[in-house]
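As given, the protein sequences belong to chains A and B, one line each in that order. Note that the UniProt record's numbering has the first sequence beginning at 1, numbered continuously upward. Note that the UniProt record's numbering has the second sequence beginning at 1, numbered continuously upward.
Just to be clear, a hint being listed does not mean it is correct.
[To be verified] Taking CB as the label site, the calculated pair distances span: (1) A198(B) <-> L329(A): 31 to 41 Å; (2) F139(A) <-> V60(B): 37 to 47 Å; (3) V181(B) <-> S46(A): 26 to 36 Å; (4) G168(A) <-> T258(B): 39 to 49 Å; (5) S174(A) <-> G163(B): 30 to 40 Å.
Simulated from the structure, these hints should not be mistaken for laboratory data. Heads up, the beta-carbon is just placed ideally off N, CA and C, and yes, glycines get one too.
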Amino acid sequence: MPVAPERTVTATAPDRVGDPEPGPNRRSGAVRLRSLLSGRETPVVSALLVALLGAVLFVDMFATARNVDFLLLSVAAIALMALPMTLIVITGEIDLSVASTLALSSATLGVLWESGVPIETALWICLGVGALLGAFNGFLVTVCGLPSLAVTIGTMALYRGLAYVLLGDRAVASYPSAWVGGAREHFLGLPGLPWIAVAVLVLAVLFGVLLHATAVGRSLFDIGNNDEAARFTGVSVRWTKFWLFTLSGTVASAAGVFWTLQYGTSRADTAFGLELQVVAAVLLGGVSIFGGVGSVLGVMSGVLLLGVIRNALQLFGIGSEVLQVVTGLILIASVVTPNLVARLRAARAPRPSPPPAPVSASTKGEES
Amino acid sequence: MTNATGNAPQTSTAGAPAQPSGRPARRQRQFRELGVLLAVVALITATWLHNPGFLSSQGVRDLFLGATVLAVLAVGQALVLITKNVDLSVGSVMGLSAFGTGLLFVTFPGLPVPAAVLAGVGIGLVCGLVNGLLVTTVQVPALVVTLGTLYAYRGLNHWWADGGQVNAHDMPAAFLLLGRVSVLGVPLPAAVAIAVVAAVGFYLARYRSGRELYAIGSNADAARLSGIPATRRVMLAFAANGALAGLAGVLFAARYGTVDSTVGTGMELQVVAAAVVGGVAIAGGVGTVYGAALGAVLLTTITAALPIWRIDQFWHQAVVGALILAAIGLDRLLALRTARKLRGGGARGA
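If we strip away everything but chain A, and leave its shape as in the complex, we get:
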């Protein structure tokens, strides 16, 4: 009885979408909706809406332009790194080196700027460095066939270490004030809307279209579900993963450039530990760590949910330590709940056709 097959967690997703709208007459519409929203992000999207509503109603300063500005700036880097991470986790891999890539890119910018490289050039070099770092991850994972968890734990230390080698414990803070101010500037002069938020939104839409509306995006889900089968259908699993890691490195270094210009300093310990927050937001957003399930909407909601909760707690004068507990509990709840729901369902309705219910041993036997 305690051996619920592991697959049930992912398997529940289609069922759940089927429940609320039983109309077979509009099937094409429903199918399209299902391909766009897997249903797993419904809880996090609703949680975000509830949190937003609660914060607007009960937290005094929350709905001010200044605070929204602050909130959006503070989640921008995590949101950026979470976008490629979503695609990578959907293919069943993981990239723990993103925060170190961010730091190394920031350190590179600092060293280049110090040595007199014009900042426009330095920015592009940083992006190139980020792409190389990501490509190195991709190379180790795809060509050498190493597990991405181990590889990116290694490159996380390596890239962070290289950032220390470049900068030591110094900080480069002599950036031109126009560039530093630029990072905090508003889009079209609208208060409460920093341009980085618009940039993230545009990128999120691009990633969303790529993931949910193109053949490449669909192939990512196939790879995550069964990369063997994906290979047989003509998907180049290796190249896809390689480019995803390269993309992740590039976007992380863009986040590094933004971070540097926002705070006006480059330091080697920048964004230390941020990779775990990115992973937490992605998982919270309904992406399955087994691969094959997830959506950009869910992940962006996850990022924003954590940001809103932190922001509201800060306005209440509650320290960030409580946020850590909250983050942890939300993350655990988000993985425990679907499992409990699935079990309750199995317990309540043991008869109907879905296979998993009664004889767990035999179904497992057939499975393997």
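Please build the complex by placing chain B on the supplied structure of chain A, with the hints as guidance.
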């Protein structure tokens, strides 16, 4: 049940008894741990030749003490990794236990030292049991669950500590002495770590339930079908890992005397790194605690050796990262070679 033979526990790296199936694999592992050991010895020798002060009595003590906490944590992590799980919360658990132990002395000034040590280990045990319970009941990768508890335990610690810290003068001298006293030239914490490594290594190699952890890590479904109580075993691994993290916290508090809520931050990845460098595979089912402990010793020896080689301390982390990549690359190479060999001699196999 337990086929504990009369052999001395120091059978070292070759630990596993006759294990008919994986002979090439076993030779490979043996080579792997021997490799790490050689690296440690070579590093220490070269550094000593470069500067004899490295192995002064104080230098040796520092080497021992430096490796102690990480080695104890790596042993626990190896137990969990072998079952194809991972525990990212160890840094937080260690911090919680270190602070809890320190705070106990503040709250109950007359507390006997053994009671405090037990309490510290107990805190870790409870955290480990919670992890194990979540992992086994939720059927979600331990990576996700323990990422959650990493934040939860750390936050709990921050909330408990409330920005404060426990200082050496809050702790009884007898407790602090634990971190300083030596037994036969070996600092007591290091002796504790060696005992832990030997005991857990012996258990994994010689006891049926220990061997079963490998079976679970290699193929959990097959292990379950062959009657291994996988859920209980995984719980056991997490609980043991938690208790060891608790012990590491106690050792930390005894050695440094000053404890705040940030103790152990970021430690989890260093611990996983030590285990991986020592040849414990993240994919489960492979590795020994001797290897993991050696990995921890190698990482801390590098830290100690860098300044003597006049290499900037800032290279440390880059070296560690390169070492991890080299270790998993080497594992991959060896696995490929074994596979090729098996295929070559595979006429009888298939």
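Each hint tested on the structure:
1. Under the hint 31 to 41 Å, the C-beta atoms of A198(B) and L329(A), about 38 Å apart, fit the expected range.
2. Look at F139(A) against V60(B): about 41 Å separates their beta carbons, and that is inside 37 to 47 Å.
3. For V181(B) and S46(A), the Cβ-Cβ distance of about 58 Å falls outside the hinted range of 26 to 36 Å, so the restraint is violated.
4. The hinted window of 39 to 49 Å between G168(A) and T258(B) is violated, with their beta carbons roughly 26 Å apart.
5. Between S174(A) and G163(B) the beta carbons are some 33 Å apart, a value that agrees with the proposed interval 30 to 40 Å.
Of the numbered hints stated above, those contradicted by the structure are hints 3 and 4, listed in ascending order.
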